[in-house]
Structures are given as structure tokens and as C-alpha cells.
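Please model the complete structure; the sequences and the hints are all you need to start from.
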Amino acid sequence: MTNLLEVKQVSKQFGTFTALQDVSISVPKGSIFGLLGPNGAGKTTLIRIVNQITMPDQGDVFLDNDILNPNHIKDIGYLPEERGLYKTMKVGEQALYLAQLKGLSKTEAKERLKYWFDKFEITHWWNKKIQELSKGMAQKVQFIVTVLHRPKLLIFDEPFSGFDPISANIIKDEILQLREEGATVIFSTHRMESVEELCDRIALINKSKKILEGKVSDIKRAYKSNTFEVGILAEDTARLYATIQDKFNVEPADFKAIDDQLKMKITLDGTTSSNELLQYLSGNGQVVRFNEVIPGINEIFIKSIEEHE
Amino acid sequence: MSNLKLIIKREFIARVRNKTFVVMTFLSPLIVVAMVSLVVWLATLNNDEARKIAFFDETGLFVSDFEDSDAIDYINYSHLPLNDAKDSVVIKELYGLLYIPKKQTNEELAGAIQFYADEAPNISILNDLENIMSDRLTHHNFEEKGLDLEVIEKAKANVNIQIENFYGEKTSKMSSYIKMIFGGAAGYFLMMLIIIYGNMVMRSVIEEKSNRIIEIIISSVKPMQLMMGKILGTSFAGIFQFVLWVILGGVFLTVVSMVLGLDQPQIAGVDQTLTFEEGGQEEIKLLLQESLQDIFKLPIGTLILSFFIYFIGGYFLYSSIYAAIGAAVDNETDSQQFMLPIILPLILAIYVGFFSVIENPHGTVATIFSMIPLTSPIVMLMRIPFGVPWWEVVISIVLLVGSIVFLIWLAGRIYRVGILMYGKKPTYKELLKWMKY
Chain A
0 MTNLLEVKQV SKQFGTFTAL QDVSISVPKG SIFGLLGPNG AGKTTLIRIV NQITMPDQGD
60 VFLDNDILNP NHIKDIGYLP EERGLYKTMK VGEQALYLAQ LKGLSKTEAK ERLKYWFDKF
120 EITHWWNKKI QELSKGMAQK VQFIVTVLHR PKLLIFDEPF SGFDPISANI IKDEILQLRE
180 EGATVIFSTH RMESVEELCD RIALINKSKK ILEGKVSDIK RAYKSNTFEV GILAEDTARL
240 YATIQDKFNV EPADFKAIDD QLKMKITLDG TTSSNELLQY LSGNGQVVRF NEVIPGINEI
300 FIKSIEEHE
Chain B
0 MSNLKLIIKR EFIARVRNKT FVVMTFLSPL IVVAMVSLVV WLATLNNDEA RKIAFFDETG
60 LFVSDFEDSD AIDYINYSHL PLNDAKDSVV IKELYGLLYI PKKQTNEELA GAIQFYADEA
120 PNISILNDLE NIMSDRLTHH NFEEKGLDLE VIEKAKANVN IQIENFYGEK TSKMSSYIKM
180 IFGGAAGYFL MMLIIIYGNM VMRSVIEEKS NRIIEIIISS VKPMQLMMGK ILGTSFAGIF
240 QFVLWVILGG VFLTVVSMVL GLDQPQIAGV DQTLTFEEGG QEEIKLLLQE SLQDIFKLPI
300 GTLILSFFIY FIGGYFLYSS IYAAIGAAVD NETDSQQFML PIILPLILAI YVGFFSVIEN
360 PHGTVATIFS MIPLTSPIVM LMRIPFGVPW WEVVISIVLL VGSIVFLIWL AGRIYRVGIL
420 MYGKKPTYKE LLKWMKY
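Going line by line, the protein sequences match chains A and B. For the first sequence, numbering that gives the first Met the number 0 begins at 0 and goes up steadily by one. For the second sequence, numbering that gives the first Met the number 0 begins at 0 and goes up steadily by one.
These are calculated hints, taken from the structure and not from any lab test. No residue lacks a Cβ here, since even glycine has one placed at the ideal position from N, Cα and C. A portion of the hints provided could be inaccurate.
Capping the alpha-carbon separation at 27 angstroms, the derived lysine-lysine pairs in DSS-like fashion look like this [as the list claims (entries may be wrong)]: (1) A:Lys208 / B:Lys432; (2) B:Lys4 / A:Lys89; (3) B:Lys4 / A:Lys128; (4) A:Lys86 / B:Lys423; (5) A:Lys127 / B:Lys4; (6) A:Lys206 / B:Lys424; (7) A:Lys151 / A:Lys113; (8) A:Lys113 / A:Lys127; (9) B:Lys8 / B:Lys18; (10) A:Lys262 / A:Lys302; (11) B:Lys221 / A:Lys109; (12) A:Lys223 / A:Lys302; (13) A:Lys7 / B:Lys435; (14) A:Lys89 / B:Lys8; (15) A:Lys302 / A:Lys7; (16) A:Lys128 / A:Lys86; (17) A:Lys246 / A:Lys262; (18) A:Lys86 / A:Lys109; (19) B:Lys221 / A:Lys105; (20) B:Lys221 / B:Lys435; (21) A:Lys89 / B:Lys18; (22) A:Lys86 / B:Lys8; (23) B:Lys91 / B:Lys101; (24) A:Lys109 / B:Lys8; (25) A:Lys128 / A:Lys109; (26) B:Lys221 / A:Lys7; (27) A:Lys113 / B:Lys8; (28) A:Lys302 / A:Lys255; (29) B:Lys423 / A:Lys206; (30) B:Lys4 / B:Lys221; (31) B:Lys221 / A:Lys89; (32) B:Lys221 / B:Lys432.
Restraint ranges, calculated between C-beta atoms of paired labels, are given here [as the list claims (entries may be wrong)]: (33) A:Ser216 / B:Tyr427: 46 to 56 angstroms; (34) A:Asn290 / B:Gly422: 41 to 51 angstroms; (35) A:Arg149 / B:Leu29: 45 to 55 angstroms; (36) A:Gln130 / B:Met420: 21 to 31 angstroms; (37) B:Gly422 / A:Gln12: 18 to 28 angstroms; (38) B:Trp408 / A:Ser216: 44 to 54 angstroms; (39) A:Pro69 / B:Trp408: 16 to 26 angstroms; (40) B:Tyr427 / A:Gln130: 32 to 42 angstroms.
Quick look at the structure:
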């Protein structure tokens with residue numbers, strides 16, 4: 000798979016403050032890429048560098064194998080975290096203006112705007128001023144403006160903040176649809192769980208450094224600890240717990256269940272397979288729950304920070 | 000269409016559609032015309048009312064000289080006792096009583112004439128009275144000395160120094176005043192325009208920042224392009240407004256003068272009372288003609304051209320500072336702390352203009368300030384009616400253009416950092432740091 004975006008050893012300083020230090024990421028064509036990290040980690044600076052708003056002090060950025068240049072502006076659609084529109088300008092006029100700034104001709108822009116306005120059923124907003132619309136409504140307009148010029152690369156900074164759940168879902172579906180049509184998507188967020196399910200690949204950034212990058216499945220595999228959540232119905236749960244404790248590495252667990260059962264987490268050391276564990280357990284009671292514990296991105300993030308410090 | 004053109008177009012439309020802009024465009028010429036007409040009307044009103052002055056002439060010398068004029072109606076109270084005359088003036092609310100006592104000699108008489116009035120009398124009326132009586136007494140003196148009046152009249156010489164420059168162009172004494180008025184008005188007007196349109200640029204920058212649209216836009220265009228688009232778009236809006244002002248002002252003035260019937264002679268009449276009170280009618284007309292000629296003799300073309308050059312130069316210089324300030328702050332209130340570098344040189348230029356230039360248009364102070372870029376648009380504009388060597392103008396324009404390029408570059412550096420900074424009030428020190436990012 001070829002990479003649409005390659006960031007190579009980019010560093011950026013603001014005075015004495017280091018915003019990015021030797022950060023490299025590669026975003027494969029057609030993927031959904033999660034750029035994750037806490038507030039102030041340097042995500043927005045990295046995105047601004049890709050958007051050519053800020054120039055890196057060191058390092059190079061390649062888009063479609065070309066070093067980043069002003070012609071790439073029309074290939075990128077960017078929805079910044081700090082986003083707004085002209086309050087006193089009419090919706091249609093400013094959508095046209097912003098589309099033309101991205102290099103669309105006026106007629107082309109009008110046609111495409113009509114398509115999107117029809118799709119979102121907001122055609123009657125055309126002559127309204129933004130100050131007459133709610134925040135959620137304005138965000139729909141911003142989304143349209145971001146994708147209107149059919150960019151190869153879409154970058155969303157904290158995309159779902161400010162959307163109500165229904166609008167957020169519509170936008171999510173639209174983004175997936177755009178990916179189907181060949182766009183590559185970068186999500187940047189500090190609320191990691193919110194995009195975890197969408198992303199194929201992620202990079203974690205903390206304190207100006209990238210600490211982790213890869214396919215979500217690979218990362219999860221690397222960070223899983225062979226731990227299983229188990230629920231068993233037995234007559235004497237205390238005795239069973241003690242028996243199992245002799246053989247395996249066991250911790251008590253807490254999850255919601257209908258029946259009164261023995262709840263625990265069993266971590267395998269590698270000599271026993273999950274099948275053998277299941278066989279052993281089923282010989283001692285009725286197994287009602289058996290599932291592998293997969294770490295969330297948040298957990299992985301915290302773990303990897305600990306590893307790096 | 001290129002992005003710069005798109006931005007200029009949007010800025011222009013946004014400025015022109017703004018309600019304040021529309022109101023000001025139509026209201027300003029109306030207000031100015033209304034004020035001018037009011038002043039003219041009040042002046043004519045004042046002028047029409049002849050003042051009633053009673054005189055009590057014990058000598059009987061002057062009775063024939065006191066002829067009613069436009070300004071004064073005379074009433075002869077010489078037949079009454081002095082006290083009755085005084086009472087009668089008070090009761091009838093006349094302007095005053097002129098008392099001419101009988102004296103032995105003309106010298107004594109000249110120092111003994113009195114004017115009784117409640118309020119301090121109008122200087123020009125006193126001047127009129129003094130002139131009339133001085134003439135009569137002088138004639139009387141001549142006659143007493145046995146001199147032939149006609150011979151004396153013929154022998155009178157009237158020196159009128161003709162002022163001429165080395166290129167043979169004649170000027171009058173009035174021309175200095177007219178140059179001052181033209182230069183001063185142009186300089187002052189320029190300052191107001193710079194502040195008005197500079198503020199527009201700043202507000203437009205702050206608006207984009209506080210609307211949070213700025214990052215969406217600069218992901219499509221370079222910050223420098225956006226800043227230049229704003230400055231240019233606003234300048235076109237300014238020129239558009241200026242042209243409308245001239246047209247509307249002309250139309251309103253014509254309409255008003257037609258409606259009120261303020262034709263030329265009456266307006267000229269006002270000028271007489273305002274400026275040339277001591278002169279006779281003939282002299283006034285001559286002076287008026289001269290000053291009109293002087294106005295036409297002014298290099299109008301050069302003046303208009305230099306106004307445009309210095310307006311555009313000054314506007315670019317200051318509006319780039321305004322743009323940088325707008326980028327540095329989050330709202331208009333915070334911008335106050337950075338206004339000093341704008342207001343200080345403007346005020347300084349106006350002061351230098353009104354004191355140094357008028358005192359000595361080609362003195363060292365005036366010349367230096369007409370070279371320094373932040374003050375040169377105003378000071379040079381005030382100097383130009385007095386005739387400035389072309390090479391001085393060229394130097395000042397070159398310096399101005401050079402500093403515009405430098406300041407726009409500097410402002411651009413502050414701008415591109417400032418527009419992405421939220422939530423903190425920057426200090427001058429921080430602005431300096433931004434320039435190095």
C-alpha cells in the first residue's frame with residue numbers, strides 16, 4: 000500500500016518551546032488515520048505544518064510522493080479545531096467564497112454546493128446569515144466547505160466536538176462514504192475512544208514526540224496481555240477460586256451479570272493456551288463468560304507513556 | 000480568479016454593505032453641507048440686521064457724515080439733553096450712544112469722544128465710526144491749515160507691494176493664507192481618513208479572529224495574501240466612499256444653495272464681514288477677486304495628485320500597523336494599549352503642520368518631518384501648496400514607499416503568528432518575539 004502522506008523527522012520550535020521533535024508518520028492511501036494525544040501534545044502544530052500554515056524548522060513532508068508545495072492546498076480539506084464562519088455573511092455567499100479560495104470555479108462550486116445542500120436538506124439556508132443559525136447548523140456548513148473541493152486528504156481536528164449525537168452520526172457516515180470514494184482521512188483528537196472504532200491506523204503523540212504508530216489491530220495485539228475475563232457458575236465459589244488461584248495468575252474482576260457467579264480475570268503465562276484454560280474451567284463449573292481482554296487505546300496510551308518515561 | 004482578487008472583492012463588499020458605512024457615506028456630506036449652510040445662513044442673518052446707534056453731536060461737525068449704511072442706522076439725538084438721550088437709548092434698546100463733546104481744539108476732541116453701551120460694542124462698528132470721524136477731523140485740520148483738499152487727495156500715494164516669485168508668477172498677500180487653509184485642511188482630512196479606514200482594517204482582522212474563521216481561510220491562502228487583500232479591499236472601499244462624498248456633497252450643496260437662495264454675492268458678503276471688516280466695498284471686491292485668482296493659481300492638479308499619493312501611502316503605512324494590532328488582540332477593547340504608535344505620529348504630524356509649516360514652510364523642522372515616513376504624508380501635504388522642490392517630494396515618496404514595504408513585511412510577520420493566538424493579551428515584548436518565529 001502506498002502512502003499518501005509522509006512526514007519525515009519534522010521538528011518545530013516556538014521560541015524556547017518545542018512543539019514537535021523528530022516526528023515522522025506515514026498515512027496510507029485510503030486509510031483512516033488517528034492522530035491521538037493529550038491537549039498540547041503537538042497535534043495541531045503537525046496538522047498546521049501539513050496544511051502549510053506553519054513551516055517546519057526541520058524535516059520534510061511529502062504528499063503523493065511530492066514535497067509539500069502550494070499546489071497541494073487544493074488537495075487537502077481541513078476542518079480546524081477552532082472553526083467558525085463570517086457571522087454577517089450569507090451562508091451561500093461564504094460557502095461560494097471559501098470554495099473559490101480552494102480553486103473551484105464559481106459555476107462548479109455552485110453545482111456542488113447545491114448537491115450537498117440538497118443532501119443535508121438545508122437549501123433554504125442559502126440566504127440566511129450564519130448568526131441566524133445554531134452552532135450545529137453552522138458546523139454542517141463547515142463540513143460541506145471542507146469536503147466540497149473533493150480533496151485527496153481530509154483532516155479533521157476534534158471533528159465531533161460541538162455536534163449533537165445525530166449530526167455527529169451523519170457526519171461520521173459521510174466521512175466513511177468519502178473514504179469509500181477514495182479519500183484519505185486524518186482524525187486528530189484527544190478523546191481517543193471517540194475515533195478508535197473508525198481508525199485503521201493511529202499515531203500517538205505526547206509532549207512533542209511520537210511514541211507509537213501502527214495499525215490499530217497490531218498495536219492492540221502488541222499490548223494485549225493474554226488476559227481473559229471469566230464468569231463461572233459453581234456451588235462453592237470460594238473453594239473454586241482458591242483451586243484456580245493455585246494453578247493460574249488470577250485477579251478478582253467486576254462486570255455486570257444477571258446471575259450470581261464467580262467473576263475473575265485470568266492471565267496466561269504463555270505455556271497454557273486459551274483452549275486448555277477453557278477446558279479446565281468447564282470441568283469445574285458452568286462457564287457463562289469467557290472473553291479476551293483487549294486494551295483500549297487510552298490504556299495503551301497510558302502504558303506507552305509509562306514505558307517511555 | 001486569483002485568491003488575492005477574491006479576498007479584495009469580499010473585503011470590499013463586506014465594507015460597503017456594512018450599515019455604518021452606508022449611513023456615513025450618505026450622512027457625512029449632508030452634515031457638512033448642513034453645517035456650512037447653517038453658518039452661512041446665520042452670518043447673513045446677523046449681517047442683515049442693521050444696528051441702531053444714536054449720536055449726540057455737540058459740535059455739529061459730523062451730522063452729515065453719519066449716513067445710514069447696511070450695518071448701521073443712525074439716529075440724531077443732538078437736540079435732546081444728554082441725560083434724556085441716554086435714557087431714551089436704554090428705553091428704546093438701541094445699540095449705543097455716541098457722544099461727541101464740544102472742545103477747543105480738534106486734538107482735544109479726537110481724544111474725548113465716547114461711546115455708551117450696555118455690552119462691549121462690535122469692533123468693526125467702532126472701526127467704522129472711528130474711520131468716519133478721523134476722516135472728517137483730518138479734513139477739518141487741513142482746511143484750518145489752509146491746505147487745498149483736492150491737491151492733497153491728488154498727492155496721496157497708495158503703495159501696494161506686488162509679490163512675485165522668481166518665475167514671474169504674481170501672488171497676493173492673501174495667497175499665503177489660502178495656501179495655509181488648503182494645506183491644513185488637506186492634512187487634517189488625510190489624518191481622519193487614515194484613522195477611519197485603518198480602523199476598518201483592524202476590525203476586519205479582529206472579526207475573522209473572533210469568528211474563528213481565520214484558520215479555515217489560511218489553510219487556503221497565505222496570511223500575507225489575506226492581509227494584503229484586506230488592506231487593498233478596504234482602500235478601494237475608502238476611495239469609493241470618497242468619490243461618493245465628493246459627488247453627493249456637490250449635489251447637496253447645489254440643492255441647498257438653490258433652495259435657500261444663497262447666491263454668490265451673499266456668500267461673498269459673508270466673507271466681507273468675516274475677514275475684511277476694515278476695508279471699503281471696492282477693496283473687498285478686489286481682495287476677493289485676488290483670492291479667487293490665487294485659488295485658481297494654486298497647482299490644483301498637483302495638489303489632488305499629491306493628496307492621492309500621500310493618502311494611499313499613509314493609508315498603507317498605517318493600515319499595516321492596524322492589521323498587526325488587530326492580529327495581536329482578541330477584541331477591540333484590547334487594541335487600545337497598542338494605539339499609541341499610531342496616534343502619536345499622527346498628532347505630531349498635525350502639530351508640526353499647524354505650527355512649523357505655517358510659520359516657515361521650508362524651515363528645518365518642517366523639512367525633516369516631511370521626510371520621516373510616519374509624518375511625511377501629512378506634513379508634506381501641508382507644505383506642497385507653498386511649493387516644494389521636486390527632489391524633496393521624490394525623496395519623501397521614496398522613503399515612504401520603502402518604509403511601507405518594510406512595515407508590511409513586519410506587520411505580516413506579527414499577523415501570521417497573531418491570528419492563531421487566542422486568549423492572551425500580548426505585550427510589546429511578545430510582539431517582538433513573534434517577528435522572529
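Against the structure, the hints:
1. A distance of roughly 24 angstroms separates the Cα atoms of Lys208 (chain A) and Lys432 (chain B); the hinted pair therefore holds under the 27 angstroms criterion.
2. In summary, the hint linking Lys4 (chain B) to Lys89 (chain A) is supported, as the alpha carbons are separated by about 20 angstroms, within the 27 angstroms threshold.
3. Annotation: proposed proximity of Lys4 (chain B) to Lys128 (chain A) holds, straight-line Cα distance about 23 angstroms (limit 27 angstroms).
4. The straight-line distance between the Cα atoms of Lys86 (chain A) and Lys423 (chain B) is roughly 23 angstroms, inside the 27 angstroms bound, and the hint therefore holds.
5. For the suggested pair Lys127 (chain A) and Lys4 (chain B), the alpha carbons sit about 25 angstroms apart, so the restraint of at most 27 angstroms is met.
6. With a C-alpha separation of about 25 angstroms, the suggested pair Lys206 (chain A) and Lys424 (chain B) falls inside the 27 angstroms cut-off, and the hint holds.
7. Under the criterion of a C-alpha separation no larger than 27 angstroms, the hint pairing Lys151 (chain A) with Lys113 (chain A) is consistent with the structure, at around 21 angstroms.
8. Taken as a hint, the Lys113 (chain A) and Lys127 (chain A) pair is honoured in the structure, with Cα atoms around 15 angstroms apart against an allowance of 27 angstroms.
9. Under the criterion of a C-alpha separation no larger than 27 angstroms, the hint pairing Lys8 (chain B) with Lys18 (chain B) is consistent with the structure, at around 18 angstroms.
10. A distance of roughly 25 angstroms separates the Cα atoms of Lys262 (chain A) and Lys302 (chain A); the hinted pair therefore holds under the 27 angstroms criterion.
11. Among the hinted pairs, Lys221 (chain B) with Lys109 (chain A) is consistent with the structure: their alpha-carbon atoms are about 24 angstroms apart, no more than 27 angstroms.
12. At roughly 11 angstroms between alpha-carbon atoms, Lys223 (chain A) and Lys302 (chain A) fall within 27 angstroms of each other, so this suggested pair holds.
13. For the proposed pair Lys7 (chain A) and Lys435 (chain B), the alpha carbon gap of about 24 angstroms is at most 27 angstroms, so the pair holds.
14. For the proposed pair Lys89 (chain A) and Lys8 (chain B), the alpha carbon gap of about 15 angstroms is at most 27 angstroms, so the pair holds.
15. The straight-line distance between the Cα atoms of Lys302 (chain A) and Lys7 (chain A) is roughly 25 angstroms, inside the 27 angstroms bound, and the hint therefore holds.
16. Our distance criterion of 27 angstroms between C-alpha atoms is met by Lys128 (chain A) and Lys86 (chain A), whose separation comes to about 7 angstroms.
17. The straight-line distance between the Cα atoms of Lys246 (chain A) and Lys262 (chain A) is roughly 16 angstroms, inside the 27 angstroms bound, and the hint therefore holds.
18. Of the supplied pair hints, the one linking Lys86 (chain A) and Lys109 (chain A) holds, its CA atoms being roughly 21 angstroms apart against a limit of 27 angstroms.
19. At most 27 angstroms may separate the alpha-carbon atoms for a hinted pair to count; Lys221 (chain B) and Lys105 (chain A) meet this at roughly 21 angstroms.
20. Among the hinted pairs, Lys221 (chain B) with Lys435 (chain B) is consistent with the structure: their alpha-carbon atoms are about 18 angstroms apart, no more than 27 angstroms.
21. With a C-alpha separation of about 15 angstroms, the suggested pairing of Lys89 (chain A) with Lys18 (chain B) holds against the 27 angstroms cut-off.
22. The straight-line distance between the Cα atoms of Lys86 (chain A) and Lys8 (chain B) is roughly 18 angstroms, inside the 27 angstroms bound, and the hint therefore holds.
23. About 26 angstroms separates the Cα atoms of Lys91 (chain B) and Lys101 (chain B), which keeps this hinted pair within 27 angstroms; it holds.
24. Between Lys109 (chain A) and Lys8 (chain B) the alpha-carbon distance is near 18 angstroms, which keeps this suggested pair within the 27 angstroms criterion.
25. Between Lys128 (chain A) and Lys109 (chain A), the direct Cα distance comes to roughly 18 angstroms. Compliance with the 27 angstroms bound is thereby established for this hinted pair.
26. Pair hint Lys221 (chain B) plus Lys7 (chain A) holds up; C-alpha atoms about 23 angstroms apart against a cutoff of 27 angstroms.
27. Distance restraint check for Lys113 (chain A) and Lys8 (chain B): the Cα-Cα separation of roughly 23 angstroms lies within the 27 angstroms cut-off, and the hinted pair is therefore satisfied.
28. With a CA separation close to 26 angstroms, the supplied pair Lys302 (chain A) and Lys255 (chain A) stays within the 27 angstroms bound.
29. Distance hint between Lys423 (chain B) and Lys206 (chain A) is fulfilled; the C-alpha atoms sit about 22 angstroms from each other, no more than 27 angstroms.
30. Our distance criterion of 27 angstroms between C-alpha atoms is met by Lys4 (chain B) and Lys221 (chain B), whose separation comes to about 13 angstroms.
31. For the given pair, Lys221 (chain B) sits about 24 angstroms from Lys89 (chain A) by alpha-carbon distance, which is consistent with the 27 angstroms threshold.
32. For the hint pairing Lys221 (chain B) with Lys432 (chain B), the CA-to-CA distance comes to about 21 angstroms; that is within 27 angstroms, so the pair holds.
33. Checked against the hint of 46 to 56 angstroms, the C-beta distance between Ser216 (chain A) and Tyr427 (chain B) comes to roughly 53 angstroms, which is consistent with it.
34. Between Asn290 (chain A) and Gly422 (chain B) the CB atoms are about 46 angstroms apart, so this pair conforms to the stated range of 41 to 51 angstroms.
35. Judged by the Cβ atoms, the range 45 to 55 angstroms given for Arg149 (chain A) and Leu29 (chain B) holds: they are separated by roughly 51 angstroms.
36. The given range of 21 to 31 angstroms is respected by Gln130 (chain A) and Met420 (chain B), whose C-beta atoms sit roughly 25 angstroms from each other.
37. Restraint check, Gly422 (chain B) to Gln12 (chain A): a C-beta distance of roughly 21 angstroms satisfies the suggested window 18 to 28 angstroms.
38. The hinted window of 44 to 54 angstroms between Trp408 (chain B) and Ser216 (chain A) holds, with their beta carbons roughly 51 angstroms apart.
39. About 19 angstroms separates the C-beta atoms of Pro69 (chain A) and Trp408 (chain B), a value consistent with the hinted range of 16 to 26 angstroms.
40. Against the hinted window of 32 to 42 angstroms, the Cβ-Cβ separation of Tyr427 (chain B) and Gln130 (chain A) comes to about 34 angstroms, which satisfies the hint.
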